[in-house]
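S.K.: Spelled out, the chains give:
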Amino acid sequence: GNSVTQMEGPVTLSEEAFLTINCTYTATGYPSLFWYVQYPGEGLQLLLKATKADDKGSNKGFEATYRKETTSFHLEKGSVQVSDSAVYFCALDYTGTASKLTFGTGTRLQVTL
Amino acid sequence: NAGVTQTPKFQVLKTGQSMTLQCAQDMNHNSMYWYRQDPGMGLRLIYYSASEGTTDKGEVPNGYNVSRLNKREFSLRLESAAPSQTSVYFCASSEGTGGSGELFFGEGSRLTVL
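Protein chains in written order, with my numbering: chain A, 2 to 114; chain B, 203 to 316.
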């Protein structure tokens, strides 16, 4: 079946450090890939997405590239801020309608001054 | 600018009690979902409604029932709560077929079953 594997957290970084959160997936066909972010006390919100191989999603300084050959969708940011502290979820969807989103377990990021 | 609204935000139940979580969206979305979030498990889909008048089971439907009351509202009912249902519940909505695939989430409802 479909699955998403994320690196375990928490990830603790100093402000302005480089961030990578690894995500790999197992899926039949060619799913769309997503990163959602959950700030403390809030619901999840879409951070970025990519719908086909080699697509790069980007938003708020975050980037992720859909790598079909390595089945990966790693999240990166060149310089994190304290306000980026949150839980990040990688997810895949092969229906095109979000009706069968499969989420990873989430990676908590803590950014300190 | 409400988006997806869930009530209640917090609830404590005793084993065997029943309750209903309410969810409403004002984005004219076709599809609505209920997820539960547990530590180390990520989000798991309980039930979803692809369109008004339809509901389908997700990954973990046992112990729950849902009602798509109209296009705006999708409720989740626990008929006889169990401690294993202690969790944070999220309602979400999306445009559905032909849409962007993005889910819009409510702020969550924290349920504790004693």
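No lab work stands behind these hints: they were computed from the structure. Watch out, some of these pointers could steer you wrong.
Which stretches of chain B does chain A cover? Using the computed rule of at least three CB atoms under 8 Å from a CB of chain A, they are [to be verified]:
| # | stretch |
| --- | --- |
| 1 | 239-248 |
| 2 | 267-273 |
Every beta carbon over 10 Å from chain B, so not counted as near; a handful from chain A, in silico [to be verified]:
| # | residue |
| --- | --- |
| 3 | Ser15 |
| 4 | Thr21 |
| 5 | Asn23 |
| 6 | Tyr31 |
| 7 | Ser33 |
| 8 | Gln46 |
| 9 | Lys50 |
| 10 | Thr52 |
| 11 | Arg68 |
| 12 | Val83 |
| 13 | Asp94 |
| 14 | Thr106 |
| 15 | Thr113 |
Computed from a predicted model, the values in this text were never measured in an experiment. All C-beta atoms, glycine included, are put in the ideal place defined by N, C-alpha and C.
S.K.: For every hint, state whether the structure bears it out.
M.R.: Right, here's what the structure says about each hint:
1. Counting residues of the stretch 239-248 of chain B whose beta carbon lies closer than 8 Å to any beta carbon of chain A gives 6, which reaches the threshold of three, so the coverage claim holds.
2. Three residues within the 8 Å Cβ limit are the bar, and the stretch 267-273 of chain B against chain A gives 0, so the coverage statement is violated.
3. The claim that serine 15 of chain A is not at the interface with chain B holds, since no C-beta of that chain comes within 10 Å of its own (minimum 26 Å).
4. Distance check for threonine 21 of chain A against chain B: the nearest CB is about 19 Å away, which clears 10 Å, and the non-interface claim stands.
5. Consistency note on asparagine 23 of chain A: stated as away from chain B, and its beta-carbon is indeed over 10 Å from all of that chain's, at 15 Å minimum.
6. With a closest Cβ-Cβ approach of about 13 Å to chain B, tyrosine 31 of chain A is found to remain outside the 10 Å limit, as its non-interface label requires.
7. A cut-off of 10 Å between C-beta atoms contradicts the statement that serine 33 of chain A is not in contact with chain B; the least separation is 6 Å.
8. Non-interface status of glutamine 46 of chain A relative to chain B is broken: a Cβ of that chain comes within 10 Å, the nearest being about 7 Å off.
9. Not every CB of chain B lies more than 10 Å from the CB of lysine 50 of chain A, the least distance being 7 Å, so the non-interface label is violated.
10. Not every CB of chain B is more than 10 Å from the CB of threonine 52 of chain A (nearest about 8 Å), against its label as outside the interface.
11. With a least beta-carbon separation of about 19 Å from chain B, arginine 68 of chain A lies farther than 10 Å from that chain, consistent with its non-interface assignment.
12. At roughly 22 Å from the closest C-beta of chain B, the C-beta of valine 83 of chain A stays outside 10 Å, upholding its exclusion from the interface.
13. Consistency note on aspartate 94 of chain A: stated as away from chain B, yet its beta-carbon is not over 10 Å from all of that chain's, at 6 Å minimum.
14. Threonine 106 of chain A, annotated as away from the interface, has a beta carbon of chain B within 10 Å; the closest lies near 4 Å.
15. Every Cβ of chain B is farther than 10 Å from the Cβ of threonine 113 of chain A; the closest lies at roughly 23 Å, confirming the non-interface assignment.
Hint compliance for this structure: hints 2, 7, 8, 9, 10, 13 and 14 are broken, all remaining hints hold.
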